[in-house]
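**Student:** Sequence:
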Amino acid sequence: MGTHWAHTQNLPGRIESLKDRLVALDERGGEEDLTKIDLSELRGVTPDIHSLFILHASICWQQSRSRSLKEGDVNTKYFHSVLATRRRGNTISSLQVGRTTVEGVAPIRHAVVSHFVSHFKAINMERPGVDSPIFKRRKSSEVSSLIKPFMMEEGDVMRFISEFHRNGRLTKGINATFIALIPKVDNLQRLNDFRPISLVGSLYKILAKVLANRLRLVMGSVISESQTAFLKDRKILDGILIANEVVDEARRSKKELMLFKVDFEKV
1 MGTHWAHTQN LPGRIESLKD RLVALDERGG EEDLTKIDLS ELRGVTPDIH SLFILHASIC
61 WQQSRSRSLK EGDVNTKYFH SVLATRRRGN TISSLQVGRT TVEGVAPIRH AVVSHFVSHF
121 KAINMERPGV DSPIFKRRKS SEVSSLIKPF MMEEGDVMRF ISEFHRNGRL TKGINATFIA
181 LIPKVDNLQR LNDFRPISLV GSLYKILAKV LANRLRLVMG SVISESQTAF LKDRKILDGI
241 LIANEVVDEA RRSKKELMLF KVDFEKV
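For the sequence shown, the UniProt record's numbering assigns the number 1 to the initial residue and increments by one for each residue that follows.
Keep in mind the hints are simulated off the structure, nothing from the lab. Careful, some of the hints might be misleading.
Lysine to aspartate or glutamate pairs mimicking DMTMM-like chemistry, simulated, CA-CA at most 20 Å apart [unchecked claim]:
#1 K254 to D20
#2 K36 to E16
#3 K261 to E249
#4 K205 to E225
#5 K139 to D33
#6 K232 to E41
#7 K235 to E256
#8 K121 to E103
#9 K261 to E16
#10 K261 to D233
#11 K19 to E41
#12 K209 to D248
#13 K261 to E126
#14 K232 to D33
#15 K205 to D26
#16 K184 to E31
#17 K235 to E225
#18 K205 to D238
#19 K209 to D26
#20 K205 to E27
#21 K232 to D48
#22 K139 to D238
#23 K139 to E126
#24 K172 to D186
#25 K209 to E225
#26 K36 to D26
#27 K139 to D48
#28 K232 to D38
#29 K235 to E245
#30 K209 to E16
With beta-carbon atoms standing in for the labels, derived distance ranges [what the hints assert, rightly or not]:
#31 R169 to L11: 15 to 23 Å
#32 P107 to M258: 40 to 48 Å
#33 A208 to D33: 40 to 48 Å
#34 K121 to I223: 41 to 49 Å
#35 N167 to P107: 20 to 28 Å
#36 V247 to H56: 30 to 38 Å
#37 V247 to K139: 35 to 43 Å
#38 L211 to R234: 29 to 37 Å
Don't be surprised by glycine CBs; every beta carbon is placed ideally from N, CA and C.
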């Protein structure tokens, strides 16, 4: 009993410690070649994190289950009432589409699909390009870590990543996913009151994370100091404050001003 307790205590802290070590090894690998010892440790850290996470989740489930049994006094009526309340909260009985109220499973399904297809559909239009080298550039030796081959970890994942590394294109359908609608407000009436959340798409997320970790090493030296978002230690709210100050100054001085507002719902 004592051995089991010692093995399972402070699991969140041990998981975070392993995650920090994994990040440190990844960052070092982006700057220099890892030694055989580092590579061996890197391959072992991920399974350790996974096993500790599974153990922690199992313990939390057992604890929550015991609390539920105690609170419900082993009464099935208690659990049925909880499930019924949850089902009612997750059920979409009607939707307001424009000035029309849509009811029924089939009409609501059609309205939901049509809404998000239209919302995320790309519009073919002429977009401005970058014709002049206005961005800072790094030397070839400084960006070699961005295009180095990926290390071998898992066969199926590596085949996907290696193919992307060779061709620079995503396999058709790789980002196909199931969408769950998460309520943003209590009184749900319109589709804008829901937030679409992707349920699957692990390969795309793995690739995006790998590329983001590589770009993070050079973004600070490429992006201008006036850029306030998407960089470590810079606050996205600074851009809003600066924009307000610019508008106020233009109003006071009665100067002409043009602003572009980006629709972040599609970002």
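**Student:** Let me make sure I understand: some of the numbered hints might not hold for this structure. Which ones are they, in numerical order?
**Tutor:** Going through the list in order, the structure violates hints 1, 2, 4, 6, 7, 8, 9, 10, 12, 14, 16, 18, 21, 22, 23, 24, 25, 27, 28, 31, 33, 34, 35, 36 and 38 and respects the others.
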